[in-house]
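Colleague: Sequence:
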Amino acid sequence: MTFSIIKRDGTIENYKASKIGDAVSAAFASIGEVCPAEALETLIAAIEKELEGIAENRSVRVEQIQDNVEIELMRAGFYRQARRFILYREERAKDRAYINEIEQTVGLEGMHRLLKDVQRDYPHLCKSFGKLVSKYHAFHKPSMTAEEGLHALTRAAVECITAEEPDWEFVAGRLYSFQNDLNIRRKMEGLQLQSLYDKLSYLTTEGYYGAYILESYTKAEIDLAETFLQPERDRLLTYSGLDLLLRRYTVRNFVHEQLETPQEMYLGIALHLAMRETQNRMDHVRAFYDMLSKQQVSMATPTLANARKPHHQMSSCFIDTVDDSLEGIYRSIANFANVSKFGGGMGLYFGKVRANGSDIRGYKGAAGGVIRWIKLANDTAVAVDQLGVRSGAVACYLDVWHKDILDFLQLRTNNGDDRMKAHDVFPAVCYPDLFWKKVREGLDQSWYLMCPHEIQTIKGYALEDSYGDEWEQRYNDCVNDARITKTEVLLKDLIRLILKSAIETGTPFAFFRDHVNRMNPNKHKGIIYSSNLCVEIAQNMSPIQSVQIETMKTPEGDDIIVEKTKAGDFVVCNLASLVVSKINFDDEAEVKRVVYAAVRALDNVIDLNYYPLEYARVTNRRYRPIGLGIMGYHHYLAQQGIVWESEAHLEAADKLMEKINYYAIRASMELAKEKGHYEYFEGSDWQTGDYFSRRQYESADWQALAADVAQAGVRNGYLLAIAPTSSTSIIAGTTAGTDPVMNRYFLEEKKGATIARVAPSLSDKTWWLYKSAHTIDQTWSIRAAGVRQRHVDQAQSVNLYITNDFTLRQVLNLYIKAWECGMKTIYYVRSKSLEITECESCAS
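Going letter by letter, the sequence shown gives residues 1 to 844 in full-length UniProt numbering.
All the given hints hold, so there is nothing to weed out.
Calculated pairs, BS3-like style, for lysine-lysine (alpha carbon to alpha carbon, straight line, at most 30 Å):
#, residue 1, residue 2
1, Lys832, Lys492
2, Lys309, Lys294
3, Lys817, Lys500
4, Lys116, Lys16
5, Lys592, Lys675
6, Lys437, Lys523
7, Lys187, Lys141
8, Lys525, Lys459
9, Lys771, Lys294
10, Lys675, Lys294
11, Lys116, Lys141
12, Lys673, Lys659
13, Lys566, Lys525
14, Lys553, Lys566
15, Lys525, Lys675
16, Lys500, Lys375
17, Lys364, Lys375
18, Lys659, Lys817
19, Lys294, Lys592
20, Lys492, Lys375
21, Lys341, Lys421
22, Lys459, Lys437
23, Lys294, Lys187
24, Lys817, Lys655
25, Lys7, Lys19
26, Lys817, Lys492
27, Lys486, Lys500
28, Lys523, Lys592
29, Lys459, Lys364
30, Lys116, Lys127
31, Lys94, Lys131
No wet-lab data here; the hints were simulated from the structure.
When you get a sec, could you build the whole thing from the sequences and use the hints?
Modeller: Pasting the structure below:
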């Protein structure tokens, strides 16, 4: 048949017999039956014959078609099916009435289409549209403008979110997105900006975008990039995710008006990250845009926030080794201030600084110890508050054998001398294997605390510069040397302080230094003393040291004083996370494509980054380290139907991380072929093959990759690190890092309103798979972390969750288990009664 269908809204479309077939089939399916093919064909023929008789000017209204479907179903004796079809029409009429009711009061162009799309995409929510309308009328007032009415509707949709109907999160997100797009479109029309190129020119002129974007791309390239935009991908965002993205990451003007849509943000980041590509550049722009806009990869918070902008500091965390000298200490404090100024978090290793009571230039007892310097770092964190947005963030690391460790463990606790407190730093302790061996043997043994400066002076070596068997031999050598003063403590007393602080404050973080250094692929060039603010970075470290001071003359005769310093290894981490719940890991091509794009993007950050310190640039280009991690881990397990506390979980973790590691290494190897390997590749575990043998990668694929790496190298000296991703996981609509969910459903206070938050993909199938973090047996979390660690060359931000019922012995057993399972670090110990503010600097 060749006639037109007049729809209820007046639009016209060509007649399609298949749509009648779908309607009839749906009527049968609603009562659990299938319409026989012959009967369906007969029904469609009869309906078409009737339509031929009633069509005027070769057109017919959709209501007439539906009337004839009812008649022909009954004529054929399909009474129950006809009844169901009639009920379906009534339900659809009610749905249309709800849309019309809302549209009459909001009255914005495009509103009708938006609500129809919602009903089409979420048919299971149609029965709740009455609740939406009721809540909307409760918020709506006759005096409201159309925009205010839309805001009231969005608020009503937010209040519809429940554990039983979590998809209202996405409906509310669509309404919020519609409102945001409307505001931006009106703003751009007012500025007479027609194209993306026009918009980028305006943003650059006004100082919101860095000039380097338009300097690097031609107008034709920007016009091509505009065709990459997929506005419909905003539908992947929940209300909470979109709200966070718009408040924190998209570009606003100086009076806080939105200037950038989420998709424009992702494209702007992609343009920045592909800027210096010399081959197939626009293909890389598209690949970066796709991985970000499809929510398959999330860059770290600084990259999302600062890429494309004038001050493009895109790295998350920095690590500095504090030198044992007055100038070295103040240099590290100044370094921290400069990093904090641009939104970075800091890890400071104080293990080389002499202890309280040590000598200075031979004067006995003159040194004040590390606590006073840590307090200085604490005050710097408060003072350099990132333009008033939030305080700076710093983790301070100290070895468990350092003489000041007892005071260090009480930095944040509520007992003791307030003059010895530093409540705004995050303490972390570095543990050798020997410590946990002794703890496991028995807590009534002695442990000896010593001063690193005294050891260096008397023994001629730095105890912290070794690890494993060599460290143990040196430790025992120092213990047996009567010239070295020691503080003897019982292990049980030291452990009690550690656990008390962990339960009371969530810290100290734990750093298992021997395992970190054994698995360090670049041990030929140094040692790893500590980690960063979120404990997922493990890279070679060394202090910055002054070499000499020279005085020079300017042509005008003025004196210039130049201080020359040895750069040391000032660690920088560049982070991104694969959203494993949004990637099909059964599709090798998809995994390869996404991982390759993520590794290339992170490698580009190294060259495109704005570095607040030149030391950071030197180290970053020397090792070219990246930290590709994961988020959505619990979400992924729930999707796969895997129980957290099960052997299936451990098997899934092993397969998942091995696959990610394989493609990450291969991607870095391919980049090395194209752009060259990192400077210190020769002699590394990558080059010798020890990296692969230590991890027991023995399959034919792994052996072939090891051979390729030995020949071509790898672009990046460090590859994987799993960050906490607290904020970026909200944007991606998934679970944070590798953590289990805190709750399946909870209420969050935001902007004076209560917003329901629901575990992702929550349904009757996943409900029991989302066991909350505090009710999970933590040994399963630790075992899973140990399984994952084999495939992660750096470390993981792993939290332990305890309740008030835990004894000190139970908490201690978790630490011992973590060490035995080969974990490299422990992040927070989260007591159920303890509120912890997550660091956002590393939230990739």
